[in-house]
Amino acid sequence: GENVEQHPSTLSVQEGDSAVIKCTYSDSASNYFPWYKQELGKRPQLIIDIRSNVGEKKDQRIAVTLNKTAKHFSLHITETQPEDSAVYFCAASWSYIPTFGRGTSLIVHP
Amino acid sequence: GAGVSQSPSNKVTEKGKDVELRCDPISGHTALYWYRQSLGQGLEFLIYFQGNSAPDKSGLPSDRFSAERTGGSVSTLTIQRTQQEDSAVYLCASARDGTNSPLHFGNGTRLTVT
Chain P
1 GENVEQHPST LSVQEGDSAV IKCTYSDSAS NYFPWYKQEL GKRPQLIIDI
51 RSNVGEKKDQ RIAVTLNKTA KHFSLHITET QPEDSAVYFC AASWSYIPTF
101 GRGTSLIVHP
Chain D
1001 GAGVSQSPSN KVTEKGKDVE LRCDPISGHT ALYWYRQSLG QGLEFLIYFQ
1051 GNSAPDKSGL PSDRFSAERT GGSVSTLTIQ RTQQEDSAVY LCASARDGTN
1101 SPLHFGNGTR LTVT
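Each protein sequence line maps, in turn, to chains P and D.
Take 1 as the starting number for the first sequence in my numbering and just add one per residue.
Take 1001 as the starting number for the second sequence in my numbering and just add one per residue.
By construction, these hints were calculated from the structure, which means they are not laboratory data.
A portion of the hints provided could be inaccurate.
[Claimed, not checked] Examples of chain D residues toward chain P, derived with CB under 8 angstroms: (1) Gln1041; (2) Tyr1048; (3) Gly1051; (4) Ala1054; (5) Phe1065; (6) Leu1103; (7) Phe1105; (8) Asn1107.
Cβ atoms here follow ideal geometry from the backbone N, Cα and C, with glycine treated the same way.
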């Protein structure tokens, strides 16, 4: 089955800095890569996703890049703000059942 | 519109007891998922329902776990003879269909087995 590795497990940045979270996946058939944000005590919510026919997607301060050859994808957050503090999960899917990474706890210091 | 609703929000049970967790998906969503989230861990897939098809039970950790989805809507996850290692947050999610649509999660049920 699919295996998703996510790094780092914890990321601490100063407000205004950029943050990058990286994920690798094992199954070359995977074709859908969503990212979810989970604030403390709340439900995970989709923030951005990318499909395998696209190499990069951007939405305001967040962007995701996909390298299918290397089987890795990354989340980039620019100009971080304290409200970006949360746990971020990447996922990979080919069979309509997303396999999630273990999450990255992002802490943005004001 | 209403999101995914789960109940109860918290459940404390004694080891060996059975528990039932309920999920009410977004109306019209044909895909329904159960995941388990343990402290500091990712989201562990348990079971997937899509329309009237047979569910994908490949993620259920033991035969003490079962789930059903009645009428293509509400789902119940049952854990029999609970063990302490079952303590976790159980998250339900629904999606528009089974074509890699975004998942909409409920708030989860926090299960504590004492």
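Verification of the supplied hints:
{"no.": "1", "hint": "Gln1041", "in the structure": "holds (6 angstroms)"}
{"no.": "2", "hint": "Tyr1048", "in the structure": "holds (5 angstroms)"}
{"no.": "3", "hint": "Gly1051", "in the structure": "violated (11 angstroms)"}
{"no.": "4", "hint": "Ala1054", "in the structure": "violated (14 angstroms)"}
{"no.": "5", "hint": "Phe1065", "in the structure": "violated (16 angstroms)"}
{"no.": "6", "hint": "Leu1103", "in the structure": "holds (7 angstroms)"}
{"no.": "7", "hint": "Phe1105", "in the structure": "holds (4 angstroms)"}
{"no.": "8", "hint": "Asn1107", "in the structure": "holds (5 angstroms)"}
Consistency note: the structure conflicts with the earlier hints numbered 3, 4, 5.
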